[in-house]
Amino acid sequence: MAVQLQTVRTPAEEAILARLAEGGRRHTQTREKAVARLRANGLPNRRVEAWHYTDLRTLMRDAPPPFEAFTDDLVAEAMSQSAALSLKDAAHVLFVNGRFVRHAGALEVVDADTGDQAAAAGDAYGDDGAVALHRAFAGRTTTLRVPPSHRSIVHLDFRELGTDAFSTFPHLVIEVVEGADVLVLETHRGPNDVSYQTHALIEFHVASSAKVEHVRVNEAGNKALSLSTLGVDLAARAAFQSFSLSSGANVARHQIFLRSLGEHAKIGLAGATLARGRQHADTTLVVDHTAPRCESREFYRYIVDDMATGVFQGKIVVAPNAQKTDGGMKSQTILLSDTAAMNNKPELEIFADDVVCGHGATCGSLNENQLFYAHARGIPPVEAEALLLEAFAGEAIDRVGDEQIREQLMDKVRDWLAQRVKS
Amino acid sequence: MAAVLETLETVKSVDVDAYKYGFVTDIESDKAPKGLNEDIVRFISAKKNEPAWLTEWRLDAYRRWLTMTEPKWARVDYPKIDYQDLYYYSAPKTHAGPKSLDEVDPELLKTYEKLGIPLREREILAGVQGAKVAVDAVFDSVSVATTFREELSKAGVVFCPISEAVHSHPELVQKYLGSVVPVTDNYFATLNSAVFSDGSFVYIPPGVRCPMELSTYFRINEQNTGQFERTLIIADKGSYVSYLEGCTAPKRDENQLHAAVVELIALEDAEIKYSTVQNWYPGDSQGRGGIYNFVTKRGDCRGDRSKISWTQVETGSAITWKYPSCILRGDHSRGEFYSIAISNGRQQVDSGTKMLHLGRNTTSRIISKGISAGRSSNTYRGQVFAHRKADGARNFTNCDSLLIGNACGAHTVPYIESRNSGAVFEHEATTSKISEDQLFYCMQRGLSAEEATALIVNGFVRDVLQQLPMEFAVEAQKLIAVSLEGSVG
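Chains D and C, in that order, are what the protein sequence lines are. Residues in the first sequence are numbered consecutively from 1, following this note's numbering. Residues in the second sequence are numbered consecutively from 1, following this note's numbering.
If we strip away everything but chain D, and leave its shape as in the complex, we get (with noise of 0.2 Å):
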């Protein structure tokens, strides 16, 4: 119903309008403009198209302030712990409650105060009500570059420390030189019990030919807020993979903006959400074609559990001139309980006409013949779930070129269906 609505500010509203205003930021034109921005706006809500199954209005109860109290036993306790995966042979950089703090490997990293982020980001998702917050709020830039020649591996390891709730923005900035190939593993781990809340900002600018492959695993405590930014530019004929493992976070959404810039640019985005309990995990992409001859492919598997929600947002552009693009997505959701609910809207934007374009989407439950087919072969029901669960969170995964991550993600979903048969 179109009925003008007061609208009344939250108080995580009115405690991040309060925050904003004591001042002690660098004035830039970008973070003036993100700052104009909520407060006409406020945090995105669902009146807000992009936002309409993760309303932020409601989900974000406060706003703990941003983490400022850095010190040297931080980070000797965030090495202590263990990363949310391993990779060998990567560099590694760590990042402490949203900043920078140190890296090994043979990489070139730079670690500023932040200048006006506009420039970098190309303004291509400056709409995006979260990203305004980010923007608002977010101090310093860490930007990579990736060398060419040879396979360079890179960790980006976030850790969440502390036991009172509060607040990080970090902002990537990854340059990955023309003819570069590299694989990037993104992992995110923080304290349950810690109503803390964190916004990775991460942005790649991908040069002609040059090769990504991106792994997200999303490990945040049971009581986060995890929102996460992938921007994205790719050249000609540049390859970008890309794929998120979600299990953590209380409410988590991982938003991918992703611009073909070039001909023949490949894309390929996948993920497994795993979400039980009250969890509320969505996954938003705009794949945006705007030079011809691209090709997409994205592939979204989704397992709900009890009184858990999931979201899938997904939706190609193509522009006038972007003539023979190839896009194909899909998503395929099972519900594991009556409690469970699933969001799902793929979209389609077409203005060219030379273009092959389709998506597919699936909802429902396990199917009962293949249960019944295990359970005939004398597996208890709990276990044939397990097991056919495995398989289809599996597909997700074979997406991952890396051997040695896509054991380990593996290993993740095992854990996540063995806490289902215990329970």
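Keep in mind that a hint or two might mislead.
Taking lysine-lysine pairs in the DSSO-like style, the calculated list, with each CA pair at most 30 Å apart, reads [as the list claims (entries may be wrong)]:
id, chain 1, residue 1, chain 2, residue 2
1, C, K433, D, K324
2, D, K266, C, K433
3, C, K354, C, K389
4, C, K389, D, K422
5, D, K33, C, K80
6, D, K33, C, K72
7, D, K412, D, K211
8, D, K324, D, K266
9, C, K354, D, K330
According to the in silico footprint, chain D covers these stretches of chain C (three or more CB under 8 Å from chain D) [claimed, not checked]:
id, region
10, 400-407
11, 416-425
12, 428-439
None of these hints come from the bench; they were simulated from the model. Note that the Cβ used here is the ideal one computed from N, Cα and C, for glycine as well.
Place chain C on chain D using the hints.
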């Protein structure tokens, strides 16, 4: 059917032959002043001699409407509508139309010719002065009304203008009006509730299979009464009805804004089949003029095992904003939506459906074929929802888009929301262009590029055409070819 009734009355009161010689009768020419306020709403209600409850109902809607804002979410773009600059009541009148076919836009006449419309009918469609009333009696709708009215009443079927039903069947109207599309449903539905002009009322008694297809086909006077149409169809337990609306011929219309509401109610084991062919004036090639079509159509499968099926062929209007929906409330109820939406020139279509699964073992099927050509924009927007209690709900959605030319846009925006693990939803969508191979094959066999395109497009939409009642299907096929003219080569 208002037109039919009026015409019959007029024809009765005047010697029919007089019309043949261009005799013009002054039927009624009063018109409410421009603008909208409570007095206008009361005026409309008074004109129709409505009971007090309906006047209040309209006023309540009007007051609600004042607090609402125009929805902006659809992918359509049009200049702001000044609602105070419109006439909300104008009785049928002999207006100053073109005096003969010579004064009519030759483009329009060419189209009539292609559709094979007889000369006499062309005059009426183009709104030539004096032609209007006389020919009414010739048309199918009138013959349906006169010849078959008796047969219908024998079967117990009520088929009359809603303004008449308010008096003849007040209990049914009061019980069902606004029960599917509530007064406050959306901006345009609320506006319609306040100022609705007229429309059809259908009631099929229990166990009756309506002996004929009900049609408002070729409703000539619609020009002046149809701006805010209101249709209410009730199929009582175990009954069946097929209702056809619209007309394949393009039509001039002085009312730019159309905001109709259609409500369907299917009780236990009942089935309603609602077919639409819409071909209103789409505006000229520069996008000037053209009808704004903001329609709210919704069916409520209230009883168990009931079924509602929407079939639409949308080729006209400058702006189409239309989402025929089904509320699947009864257990084992079924909803269907078959749609062909063709946009050419600068037309903008934002259309689709909603299937709301509330009952157990409810099923729905959506087949949508969008074809965009020229500089048009064609959007499918649909929602499939399963309620927590909708065990065993099943949906299959297929929306395909075809693009002709590189200046048009085709978009798909589905919302698939499941709250039940026992619900199975499948959705697929594709977008592509006409295959070069197919075109080449056809042209090699002597078809022109245009004919080949029409042939291939007809194949593309065949699934939907098959759902149309026979008499519509043939014309719709021709219409598709005509609608796509100028899009190739």
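How the hints compare with the structure:
For the suggested pair C/K433 and D/K324, the alpha carbons sit about 10 Å apart, so the restraint of at most 30 Å is met. Between D/K266 and C/K433 the alpha-carbon distance is near 22 Å, which keeps this suggested pair within the 30 Å criterion. Restraint check for C/K354 and C/K389: the C-alpha separation of about 18 Å stays at or below 30 Å, so the hint holds. This hinted pair checks out: C/K389 and D/K422 have alpha carbons roughly 28 Å apart, not beyond 30 Å.
Pair hint D/K33 plus C/K80 holds up; C-alpha atoms about 29 Å apart against a cutoff of 30 Å. As the CA atoms of D/K33 and C/K72 are separated by approximately 24 Å, the hinted pair is consistent with the 30 Å bound. Taking the CA atoms of D/K412 and D/K211, the gap is about 26 Å. The hint holds against a cut of 30 Å. Only pairs whose Cα atoms come within 30 Å are accepted, and D/K324 paired with D/K266 is accepted, the gap being roughly 13 Å.
With a CA separation close to 21 Å, the supplied pair C/K354 and D/K330 stays within the 30 Å bound. Residues of the region 400-407 of chain C lying with their CB closer than 8 Å to a CB of chain D number 6, which satisfies the three-residue condition for coverage. Requiring three or more residues with a Cβ within less than 8 Å of a Cβ of chain D, the coverage given for the region 416-425 of chain C holds, as 10 such residues are present. Taking a C-beta to C-beta cut-off of 8 Å, the region 428-439 of chain C contributes 6 residues in contact with chain D, enough for the three needed, and the coverage statement holds.
In this structure, none of the earlier numbered hints is contradicted; all agree with it.
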